[in-house]
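J.: Listed below, chain by chain, are the residues.
Protein chains: 2
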Amino acid sequence: MPKRILRVNMSKLETSFEDFPDSYATLGGRALTSTIVSKEVDPTCHPLGPNNKLVFAPGIITGTVAPTSGRISVGGKSPLTGGIKEANAGTDFPQRLARMQIAAIIVEGQPKGDDYHMVKISMDKVEFINANKYVGKGLYQVYKDLFKEFGNRVSICACGIAGELMGAASGICFNDPEGLPSRYAGRGGLGAVMASKGLKFIVVDDTGAPGVEIKNKELFDQGREKLRKALAEHDVTKPDGALASYGTAVLVNIINEAGGLPQRNFSSGQDDRAANISGEKKAEEIKIRGGTRPHHCNPGCVIRCSEVWTKPGGKDPVGVLEYESVWALGANCSIYNLDDIGELNRACNDLGLDTIEAGDTIAVAMEGGMLKFGDGKGALKVMDEIRKKTPTGRILANGCAFTGQAFGVTRVPVVKGQAFPAYDPRAIKGIGVTYATTPMGADHTAGYAIATEIMGVGGTADPRDTNKSELSRNLQVATAYLDSTGYCLFTAFAVLDIPEGLEGMIQSVNGVLGTEVDLTELGMKVITTERDFNKAAGFTAADDRLPEFLRQEPVAPSNEVFNVSNEELDKVWGA
Amino acid sequence: MPKRILRVNMSKLETSFEDFPDSYATLGGRALTSTIVSKEVDPTCHPLGPNNKLVFAPGIITGTVAPTSGRISVGGKSPLTGGIKEANAGTDFPQRLARMQIAAIIVEGQPKGDDYHMVKISMDKVEFINANKYVGKGLYQVYKDLFKEFGNRVSICACGIAGELMGAASGICFNDPEGLPSRYAGRGGLGAVMASKGLKFIVVDDTGAPGVEIKNKELFDQGREKLRKALAEHDVTKPDGALASYGTAVLVNIINEAGGLPQRNFSSGQDDRAANISGEKKAEEIKIRGGTRPHHCNPGCVIRCSEVWTKPGGKDPVGVLEYESVWALGANCSIYNLDDIGELNRACNDLGLDTIEAGDTIAVAMEGGMLKFGDGKGALKVMDEIRKKTPTGRILANGCAFTGQAFGVTRVPVVKGQAFPAYDPRAIKGIGVTYATTPMGADHTAGYAIATEIMGVGGTADPRDTNKSELSRNLQVATAYLDSTGYCLFTAFAVLDIPEGLEGMIQSVNGVLGTEVDLTELGMKVITTERDFNKAAGFTAADDRLPEFLRQEPVAPSNEVFNVSNEELDKVWGA
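Protein sequence lines, in the order shown, are assigned to chains A and B.
Position one of the first sequence corresponds to residue 1 (this note's numbering), numbered consecutively onward.
Position one of the second sequence corresponds to residue 1001 (this note's numbering), numbered consecutively onward.
In short, the hints are calculated from the structure, not lab data.
Where a beta carbon is used, it is the ideal one built from N, C-alpha and C, also for glycine.
Treat the hints with care, since some could be wrong.
Derived coverage of chain B by chain A (criterion: at least 3 residues anywhere in the stretch with Cβ under 8 angstroms from a Cβ of chain A; other residues may be distant) [to be verified]:
| no. | region |
| --- | --- |
| 1 | 1236-1245 |
| 2 | 1385-1392 |
| 3 | 1503-1515 |
So, partial list: chain B residues that the calculated Cβ filter (under 10 angstroms) puts toward chain A [to be verified]:
| no. | residue |
| --- | --- |
| 4 | Thr1044 |
| 5 | Cys1045 |
| 6 | Pro1050 |
| 7 | Ala1192 |
| 8 | Ala1195 |
| 9 | Ser1196 |
| 10 | Gly1259 |
| 11 | Met1370 |
| 12 | Ile1395 |
| 13 | Phe1402 |
| 14 | Phe1407 |
| 15 | Val1409 |
| 16 | Thr1410 |
| 17 | Lys1535 |
When you get a sec, could you build the whole thing from the sequences and use the hints?
T.: Below, the structure written as structure tokens:
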């Protein structure tokens, strides 16, 4: 059975399978979503109108036994940035799609009327099912109901209440292995794009699927084994390594120490109370409570950075509390209490909100006087405004920049409209270069300079050094490749340090494809495609900038401002 | 006494006079505000931060006895469009400034803390007075109080509650001859810029002012007499002409007839009920009620399009109900009742809101389900949300595009974030070319193609003809000149048709300056300056476009879409 594309037309409520075009043969994940979006979507269209499309694509090796490879890319024109967007998540959803030989789902059009639908995909048919009864409901209960209805051989993708509000802070939800709605392609408001198409869920049942075709099995096996070895060796990714032991939140203490953990809406870079919400503290608590740690977000992951955070006594599992979420909903709001953060994270998952955007939004609302910094219970209460779809909820569901404008706040940490992740670019410059210059809007995953600047992975670089265009570019290009393969970004820690690991990764990808794909060539092609889309949408060098306040307000304790020159920023892509 | 610039530093609460630079010698009004903004404001700064500036400039001939010349330009970086903004108003405020030889006021910096101030300018001193007691109050009462305090030899400029909210729909208010807060430099959110600087009022007392220096009195007198004659002759501007008889709302029936009067958030171009809110109907009502018509907005106007609309029995004067306001708050919201419209206009004046932006905002909120189309009382009630500074009020105070995003509405009539005036560009194409390509965002006054397309002024043009780049460009260039002179835009009706009138206008301007200023050269220079600012702020050709829905939804009764090609739009400035 050859690879195919599933086209879902929401105007007509029709679906059709198309042959996977030869011109896409070497594409998957981000390379595929960005190529399809670029080819099929008018860059000037309204992101929530009938002319935008929402594209789902498993990575090239997703669905195989290659380690840590269960990633899905979701693409479209972003209602948050106004540019192209790829957001990705680790979940079993794309593994099922890939095994069904579905290389991409393209959702297009827009129905008349207010009905919501789900699309149920199995080997023998694709059907629409009315989903109105799930509208306005929290995703924890909804996922429980859906898994009860469809059984455990399915994976589920959803938009939540934030999406129903057409909120630019809404993400696209996937399940974790426990069926919790906790794995998100969170960034850029793609949940609203899904909702704008009247699409509430995609349910995938891969029973009877033929599996992923591997063109050169020997090369693939050789490659994945090298990669597995590298992952098992590297301090960050090994079975008892930093990620498995403490999860991504292992970074809380490290970045706080570096003076780059933004506090109180980016008004400081360090706070002693950060230790209360560190990965170490969280791992300890999970052990006491009876949650799960380590844990994988999809079958076949050997890094296992994930976890199941619960209330005391192991009750009411939330899913993972990622570093970025703990920071956004925690330190950035002056909330230094894991129980409050856990419940805020639950609220985000339940409502279909990106945790980073949500945390930055609450912090800006705090600065605007809606509630007090540090008020965890108050923050939880304002999340209910989204659930009730009140005007306050509509403001918050539209994210950080929108909330800043509503409340007249000028210290608003966004690039291209998208809220900053958990690293202050005044203290750590390279990540700021990535925030500014990635086509995605402020996004740490697009070129994770922290690896080199703080963790000494892939070489070392002084965080204060302002010459970071090359570092950021190289990482952005490699990441665009990685995001296309389906390998998790965290495999990069090992492959940046262990040459055999990188070699193995590339061999495994080429093994699946049966042809040689050059990392740099594919990575650059992806980014060029994305930048061309953004250019046609009206982006210029002025959009590749950090907000004004970062150049004017020094951050404690380093007392640094963001002092990377515009020339250095423009050197990233030679604009 | 030579011309001077008053610089008001709100960080230090200091003021200083500076010599008017030779390089500015031939500039006034818009040419001066745009030049100063371009020279002194970083195009990438936050519009509500300390690095934006707010510039006030009377026109070149303002303060002289030249007819219909009491205009003031207000400039800065717009929080609505993110680009350069010039908004202007007719009022006696700039006449006093000009007579005091103050060519411009530059307000800069930003105070710490929440105090509001007023600046009182007289010949012997400039002083700051604490204005906290006026914060949160409606401007009708506030203007009454201030005129009581300062007497009738002053003019007053203010921002209102919408500005205090940092609302992008806020305007800058000036008094009419009755002291009503009804003359607005409304567009682009400059009220928020004023408020962001802690500046609540500027009070100008010109007692003892030396008057405007006229370099060539003979040329000036000769010119203004020719212009006066032309204004007295032309059907639109003569003493018993269309504008004097019915005000600007004379256009309601005309544009409705042409199928270009947008109804119900741009979902139709015509409605029989428009007759209920026409200029003719309004003039009739004013006669019955005992309001005033015709009326001038400033001493020396011979066109007298203004009026004082009141409640029945002549009570509670509002001031003028302009065509654009009657349309925005009326037909566009399916409100066909002059009493409701009058009260909505009063609310806008009272709150410091741009009536066009406010009307388009309410219509979009109606489409988003906040209230029903046609619900005049409901619309008035939601205006109170702004007064109470509720979250709903914060949404509305930020204008049409913002409200559209909050409520998930995609039929949002804006260019560069600024709401459309009262002409549907599907039925009347040339005005659409101006909306798209003026540096100001959707603005009919920037190049009033309606004059030629509908009124046969300055030639004739078929409204459906799509070749309108030349018409729009010529009008935009002439308007940039006109906006710099201080002459009201409505003088254009006469000077476009009567060559001696145009000659007189130019002579009068050259007479004041004592040098020859070329209309086209100055006009083009102004627009180039503005476009350069916008380009540095990140604008591209993609911003010189109308919203997507206008190309996709035909408008009744013409069944036309906006079908001017992008190439034709780009031909306006040769981009």
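J.: Hint by hint, note whether the structure agrees.
T.: Consistency of the hints with the structure:
1. Given a C-beta distance limit of less than 8 angstroms, the hint that chain A covers the region 1236-1245 of chain B is violated, as 0 residues qualify and 3 are needed.
2. A stretch counts as covered by a chain when three or more of its residues have a beta carbon under 8 angstroms from one of that chain; for the region 1385-1392 of chain B and chain A the count is 3, and the coverage holds.
3. With a cut-off of 8 angstroms between beta carbons, the region 1503-1515 of chain B has 0 residues touching chain A; three or more are needed, and the interface restraint is violated.
4. A distance limit of 10 angstroms between C-beta atoms decides the matter here; for Thr1044(B) the minimum to chain A is near 6 angstroms, and the interface restraint holds.
5. At about 6 angstroms, the closest approach between the beta carbon of Cys1045(B) and any beta carbon in chain A falls short of 10 angstroms, and the interface hint on this residue holds.
6. Because the beta carbon of Pro1050(B) sits about 8 angstroms from the nearest beta carbon in chain A, less than 10 angstroms, this interface hint is met.
7. For Ala1192(B), the interface hint holds, since its Cβ comes within 10 angstroms of a Cβ in chain A; the closest pair sits about 8 angstroms apart.
8. The interface hint given for Ala1195(B) is met, as the beta carbon of that residue sits about 9 angstroms from the closest beta carbon of chain A, less than 10 angstroms.
9. Interface hint status for Ser1196(B): upheld, as the beta-carbon distance to the closest one in chain A is roughly 8 angstroms, under 10 angstroms.
10. A least Cβ separation of about 25 angstroms between Gly1259(B) and chain A goes past the 10 angstroms threshold, and the interface hint is therefore violated.
11. At a threshold of 10 angstroms, the smallest CB-CB gap from Met1370(B) to chain A is about 8 angstroms, leaving the interface hint in force.
12. Here the hint on Ile1395(B) is kept, as its CB sits about 6 angstroms from the closest CB of chain A, short of 10 angstroms.
13. At a threshold of 10 angstroms, the smallest CB-CB gap from Phe1402(B) to chain A is about 7 angstroms, leaving the interface hint in force.
14. The interface hint given for Phe1407(B) holds, since its Cβ lies 7 angstroms from the closest Cβ of chain A, which is under the 10 angstroms cut-off.
15. A hinted interface residue such as Val1409(B) counts as satisfied when its beta carbon comes closer than 10 angstroms to some beta carbon of chain A; here the least separation is about 9 angstroms, so the hint holds.
16. For Thr1410(B), the suggested interface contact is upheld, since its CB lies about 5 angstroms from the closest CB of chain A, less than 10 angstroms.
17. The interface hint given for Lys1535(B) holds, since its Cβ lies 8 angstroms from the closest Cβ of chain A, which is under the 10 angstroms cut-off.
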